Every structure is written in structure tokens, then in C-alpha cells.
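Novice: Those protein sequences? They're chains V and W, same order as listed. Each residue of the first sequence is one higher than the last, beginning at 1 in the numbering used here. Each residue of the second sequence is one higher than the last, beginning at 1 in the numbering used here.
Please keep in mind that the hints were generated in silico from the structure rather than gathered at the bench. In this text, all values refer to a predicted model and were calculated from it rather than measured experimentally. Accuracy of the hints is not assured; some may be wrong.
Said to hold, decoys possible - Capping the alpha-carbon separation at 30 Å, the derived lysine-lysine pairs in DSS-like fashion look like this: (1) V:Lys189 <-> V:Lys166; (2) W:Lys111 <-> V:Lys6; (3) W:Lys111 <-> W:Lys210; (4) V:Lys6 <-> W:Lys210; (5) V:Lys189 <-> V:Lys170; (6) V:Lys6 <-> W:Lys116; (7) V:Lys166 <-> W:Lys210; (8) W:Lys210 <-> V:Lys189; (9) V:Lys166 <-> W:Lys27; (10) V:Lys170 <-> W:Lys27; (11) W:Lys210 <-> W:Lys116.
Stated by the list, open to error - Here are the in silico distance ranges between beta carbons for each label pair: (12) W:Ala39 <-> V:Phe65: 37 to 43 Å; (13) W:Leu234 <-> V:Ile79: 42 to 48 Å; (14) V:Phe136 <-> W:Gly67: 28 to 34 Å; (15) V:Thr15 <-> W:Gly42: 47 to 53 Å; (16) W:Pro233 <-> V:Ser44: 53 to 59 Å.
By construction, the Cβ of each residue, glycine as well, lies at the ideal position given by its N, Cα and C atoms.
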Amino acid sequence: MPNIGKLARRGGLYTLLGGFAFFGAFPFYWMVIATFKQDHDLFSPLNNPFLFNEPPTLDHLRLLFTETHFTGYLTNTLIVGFAVVVITLATAVPAAYALARWARGWGETMGIGIFLTYLVPPTILFIPLSRFASFFRLQESLWSLILVYPTFTIPFCTWLLMGFFKTIPKDIEEQAMIDGLSRFGAMTKVVFPLAISGILTVVVFSFTLSMHEFIYALTFISVSAKKTVSIGVPTELVRGDVFQWGPLMAGALIASLPVAVVYTFFLDRFVAGFTMGAVK
Amino acid sequence: MTSPARPGSSPGASRGGIFDRQETLAKLLIAPAVLYIVAMIGAPFVLAILYSLSDATTGEPSIHLVGLRNFGAALADPVFRLALRNTFLFTLLSQSIVIVLSRILANALLKPFRGKWLVRFLIMLPWTAPISLGTIGWLWMYDSIFSPIDWVLRYLGMLGTATALLGPQTNLYWLGVPGLAIASVIIVNVWRILPLATVIQLGGLSSIPKDLIEAAEVDGASPWRRTLMITIPLTLPIVSIAFLFGIVFTFTDLIVVYVLTRGGPVHMTQELSSWTFFKGIEAGDLAQGAAISLFMFPVLALVAIFILRMARRTEVV
Numbered sequence: 001m002p003n004i005g006k007l008a009r010r011g012g013l014y015t016l017l018g019g020f021a022f023f024g025a026f027p028f029y030w031m032v033i034a035t036f037k038q039d040h041d042l043f044s045p046l047n048n049p050f051l052f053n054e055p056p057t058l059d060h061l062r063l064l065f066t067e068t069h070f071t072g073y074l075t076n077t078l079i080v081g082f083a084v085v086v087i088t089l090a091t092a093v094p095a096a097y098a099l100a101r102w103a104r105g106w107g108e109t110m111g112i113g114i115f116l117t118y119l120v121p122p123t124i125l126f127i128p129l130s131r132f133a134s135f136f137r138l139q140e141s142l143w144s145l146i147l148v149y150p151t152f153t154i155p156f157c158t159w160l161l162m163g164f165f166k167t168i169p170k171d172i173e174e175q176a177m178i179d180g181l182s183r184f185g186a187m188t189k190v191v192f193p194l195a196i197s198g199i200l201t202v203v204v205f206s207f208t209l210s211m212h213e214f215i216y217a218l219t220f221i222s223v224s225a226k227k228t229v230s231i232g233v234p235t236e237l238v239r240g241d242v243f244q245w246g247p248l249m250a251g252a253l254i255a256s257l258p259v260a261v262v263y264t265f266f267l268d269r270f271v272a273g274f275t276m277g278a279v280k
Numbered sequence: 001m002t003s004p005a006r007p008g009s010s011p012g013a014s015r016g017g018i019f020d021r022q023e024t025l026a027k028l029l030i031a032p033a034v035l036y037i038v039a040m041i042g043a044p045f046v047l048a049i050l051y052s053l054s055d056a057t058t059g060e061p062s063i064h065l066v067g068l069r070n071f072g073a074a075l076a077d078p079v080f081r082l083a084l085r086n087t088f089l090f091t092l093l094s095q096s097i098v099i100v101l102s103r104i105l106a107n108a109l110l111k112p113f114r115g116k117w118l119v120r121f122l123i124m125l126p127w128t129a130p131i132s133l134g135t136i137g138w139l140w141m142y143d144s145i146f147s148p149i150d151w152v153l154r155y156l157g158m159l160g161t162a163t164a165l166l167g168p169q170t171n172l173y174w175l176g177v178p179g180l181a182i183a184s185v186i187i188v189n190v191w192r193i194l195p196l197a198t199v200i201q202l203g204g205l206s207s208i209p210k211d212l213i214e215a216a217e218v219d220g221a222s223p224w225r226r227t228l229m230i231t232i233p234l235t236l237p238i239v240s241i242a243f244l245f246g247i248v249f250t251f252t253d254l255i256v257v258y259v260l261t262r263g264g265p266v267h268m269t270q271e272l273s274s275w276t277f278f279k280g281i282e283a284g285d286l287a288q289g290a291a292i293s294l295f296m297f298p299v300l301a302l303v304a305i306f307i308l309r310m311a312r313r314t315e316v317v
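Bound-form chain V, shown alone (with noise of 0.2 Å):
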């Protein structure tokens, strides 16, 4: 009798995950199905839409990469976001340090405050940064985009990053001091190499997060060369009566999945920023 509700429980807790990896995952199974299927197999509307009834083909992938400017897409994606990267780090490590360690008493209200201009929407600020954008002739330029990424990533970044200071003992850097290093010597030597998962995490989040900004990049470019992954497929392969579905499928899967298994590794963290302080 136990074996059986045993059973009965085991079954319904892989149903229900079934379910949600269902709903989760499927419209990237639709985007690996469209992907592979000729177009005369993917426009019928009697077959069945969920297999090869047909034999699968390259042609879409071929037409992405030899007719669209999918791979100028993907340069100019990595291209912001390792700036990117760059900036947000080189502003965001120190004043998280300093935040962290040497501020005390303003440095967790500053801080939080700090964080809190991540709640400012780009819905709001979209419209006068272009007007910036336009003043210092920077519209259809990655500069636009990399200069105004790190208004989203350098808020929670150092937030996260203040976090991950503060689990470093204060005693490491006292001694370092002791053994004769400066303060900045023992900040740049001793602490940072220490903080390197949170510094990786901060990598990966101001990559992530470039890549998967829309909104600016759509008002500031629109030049078909200039654009990013995330607006390049939506409004290029869209455009006109003509939806190039295969083609468009193959570029939302291309670009979204090794972003995607990155990210999952570090997602854990990325909440940590949300929930510090309510959990403890």
C-alpha cells in the first residue's frame, strides 16, 4: 500500500515538472522544429505541425547566414557587450568595495539606493536618451548602445557585488596590510582575487543583460548593419506581408540557447541580488 501512494506521488511530481518544462521550454521546440522543416512541409496547414513530414533541410540556416545580416547581428551583440563587460566592471568592483568596506553606516543606505535607480524603467528613459543620443550624434552607432547599457548593469552589479565583499573577512585584508601591502595593494592583491566568482558573475549578468536589451537598441538603430541579436531577428526577418519563418526560428534559436545554458548556471546568484536582505 505505501509502495502504491508512493508510486501515485512520484508520478504526479513528474507530471506536473513535465507540464512546466512543457510550457517552459516548448516555444524552442517550435523554433527547432521551423528551423529544419522545408518551408512546403512548414506551410501546410493539414500536416502535422510537430514532426517532419518531410525530410529536414539546412536551406534556412544556409539563407540566415549567407542573406541576412544575422552574423553582423551577433558581432555587434558581442561587441556591446564585452565593452559592456568593461565598463560596468571598472566602475562597479571599486564602488562596491568601498561601499562594502569602507563606508560605513552610509554605505549600505547608499548602496540600496543605488539599486533602487535599477527600478527606473528604460520606458522612462528612453525617449531623452535618444534625444542624448541624437545631441552627441551617436543614433545609429553601437557607442549609444554601450555607453547607455551600463545604466541598468552598474546598478545591480554593485549591489551584487557589495554582497559577495562583504562575505570576505576583514582579517585577510588586515594581515595582507600587516605583511606590508598599502590599502589599495590589499584591495587589488588580496581581495579581489578572492572575489573572483563575484566578479565572474558580474561578467556574465552585464553580458546577459546587453544581450537581452531590446527597447534602447530598437529606438536608437535601425540601421540593418548596426543592429543587435535581439532586435536584428524580430524586425528584420518580420518585415513586409513576408514572415521568413525558417529562417527567423533558426536565428531566435541560434542566438538564445548558449546564452541560455550560461545564464543557467549563474541564475542562482542573479536572485541572491533580488533577495539579499530577506533572506538571511
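Got chain V sorted already, so can you dock chain W onto it with the hints?
Specialist: Coordinates of chain W only, in the frame set by chain V:
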């Protein structure tokens, strides 16, 4: 007792000196981040307020103040009112569903089972993949002719025959009918935020001390009572955090509506963010656009206050 030791006065001297330098160094290290935030968030925010009080357009971007006229004009516009209603509707409905589903899912994920990393990867995909690309997948699933949902309904005989439950037409036209378009947008918002809320809730659930629940079990508390008296009160702060961030992300999101419907059919799924974009950028009316976007601000400020309170309260504990 008079003032504490000043730098320069005997034993505290060197210590005070270091602290002074430390404070300066701290300010120096914090400055770039703060300057960036002031220049790129603070200044634009002030500019948004100025625009909303002016008659600026992309053609004539200089600022002549005209008072609150833009806010009045926005409120008088039926499309704006629809956008305002939709923003609340999409946010509250999707986040209520998310809170319930994420609790169920987090409870399931707490249990040990095989292939957890794969299940987790699949469940997290909507949040980890770029949202505009995930939404493109949904756009194809909501297609007016080739929707797989419609195909399944036809296969089950619920659509496309004279006696079918959902009508004799071959498709439901998900994004073409107002009610269904609204439902479609809400479904994608649920899909998008569910992973985030689940991970936040997982953190909350796993932080409940095991012995507390065991003690309650020993005392003979029923599972229902244990949930009501222990799990819910203890995880309330974390659930609120999940809810608040879900609200921020959904309330201000432009991507889902922009990619799926562009606010259509006939503005029925327009939101504050999408209406801001179409007015302020596509139509070039900076002043109107800024005014519309600022209607989001009170809600965001309220959310920020709640988050602050949450942070303060837990600090005391």
C-alpha cells in the same frame, strides 16, 4: 565627555589619519559609478519630466514649458485610458498567476529527482533566453493559420467543424481578436516571469528551518495547518519580493506587446510602455511620450517603497 580624539591628538593619530584617507579613497572609488548613474539615469529622468511639461517634438526638440497640458491631453485620449487599464490588467493578472504557479513549481523542485539540471534548464529558458527572441517563438505559435494550438484543437474536433465546441472556423486568430490577444499577452508574461519567481521562492522555501516543520509535525499539526502557520508566514517576505519584482518587470515591459501585437488589434493590447514608444518615438511627440511614460512612475515609486521596507524589516530581525 567632550569630543572624541581628533586626528593629530596623540594615540588615535595614526588611526584617525588612515580613516580619513580611507574615507577619501572610498569616495574616489564610488565616484565613477555614482557619476554614471547621475548622468545617465538622473539627468534623463529630469529631462523626461521637463519634456512632459513642454511641447517638444523630434522636429523641434527645444523645451518651452506649457504646464500640465500633456498629462491632461493623455488622460483625455481613449487609447491612453485603454493602455493604462491594460497595463494594470496584464500586470496584476499575470503576476497573480505567477505567484501561485511559482509556489507549486518551487515546491516540486525542492524534492530530489533524476535529471534535475535538465528540467531546471528547460523551466528557466523563458528567463535566460533573450525575451524578444522567446516572444518571436510565441508569435509563430499564435500564427493566424499555422498555430499548433489551433491544429491540436482541430485534431481534437473542438474547432473547424460545424458542430465544434469553439466554432466552425479553422482558426482562433489568437492575436486578431481582442479577448484572445489580451489573453495571449498575459500568457507570455506569465511564461516570462515564472522562472524568476520560482527561483526566488526556492530560496525562501529552502531557508525554512527543517526542525521547525518537524517539531510541528511531532506536535500533530496537519500539513494544511503547517503550511498556514509556518510556511506561509515565514516565506511571506520572499513571496512579496518575487511579486514586487514581477510587477516591475511586467509593468514596464515593452517587448512582449511590441513583438506580438504592436498594441493591436486596434489598440486593444496597447500598454503605457508601447503607447509611449508609438507616441514619443514613432510619431515624434517627445512631450506626449514623456508624459505617458511618467504615468508609470507612481506605481514604481510605491514598489520601491515596499522593497525598502522589506529590506529594513529583515535587517532588524
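Novice: Take the hints in turn and mark each one as holding or not.
Specialist: Here is how each hint holds up against the structure:
Among the hinted pairs, lysine 189 of chain V with lysine 166 of chain V is consistent with the structure: their alpha-carbon atoms are about 17 Å apart, no more than 30 Å. Pair hint lysine 111 of chain W plus lysine 6 of chain V holds up; C-alpha atoms about 13 Å apart against a cutoff of 30 Å. The hinted pair formed by lysine 111 of chain W and lysine 210 of chain W meets the criterion: a straight-line CA distance of about 14 Å does not exceed 30 Å. Pair hint lysine 6 of chain V plus lysine 210 of chain W holds up; C-alpha atoms about 21 Å apart against a cutoff of 30 Å.
Proximity of lysine 189 of chain V to lysine 170 of chain V is assessed by CA-CA distance (about 14 Å); at most 30 Å being required, the pair is judged to hold. For the suggested pair lysine 6 of chain V and lysine 116 of chain W, the alpha carbons sit about 19 Å apart, so the restraint of at most 30 Å is met. Taken as a hint, the lysine 166 of chain V and lysine 210 of chain W pair is honoured in the structure, with Cα atoms around 27 Å apart against an allowance of 30 Å. With a C-alpha separation of about 40 Å, the suggested pairing of lysine 210 of chain W with lysine 189 of chain V is violated against the 30 Å cut-off.
About 18 Å separates the Cα atoms of lysine 166 of chain V and lysine 27 of chain W, which keeps this hinted pair within 30 Å; it holds. Restraint check for lysine 170 of chain V and lysine 27 of chain W: satisfied, since their Cα atoms lie roughly 20 Å apart, inside the 30 Å limit. Between the alpha carbons of lysine 210 of chain W and lysine 116 of chain W the distance comes to roughly 22 Å, so the proposed pair stays at or under 30 Å and holds. For the pair alanine 39 of chain W and phenylalanine 65 of chain V, the beta carbons lie near 39 Å from each other, so the given range of 37 to 43 Å is met.
As the Cβ distance of leucine 234 of chain W to isoleucine 79 of chain V is approximately 46 Å, the hint placing it in 42 to 48 Å holds. Range check, phenylalanine 136 of chain V to glycine 67 of chain W: about 30 Å between beta-carbon atoms, so the 28 to 34 Å window is met. Taking the beta carbon of each, threonine 15 of chain V and glycine 42 of chain W are about 51 Å apart, inside 47 to 53 Å as hinted. The hinted window of 53 to 59 Å between proline 233 of chain W and serine 44 of chain V holds, with their beta carbons roughly 56 Å apart.
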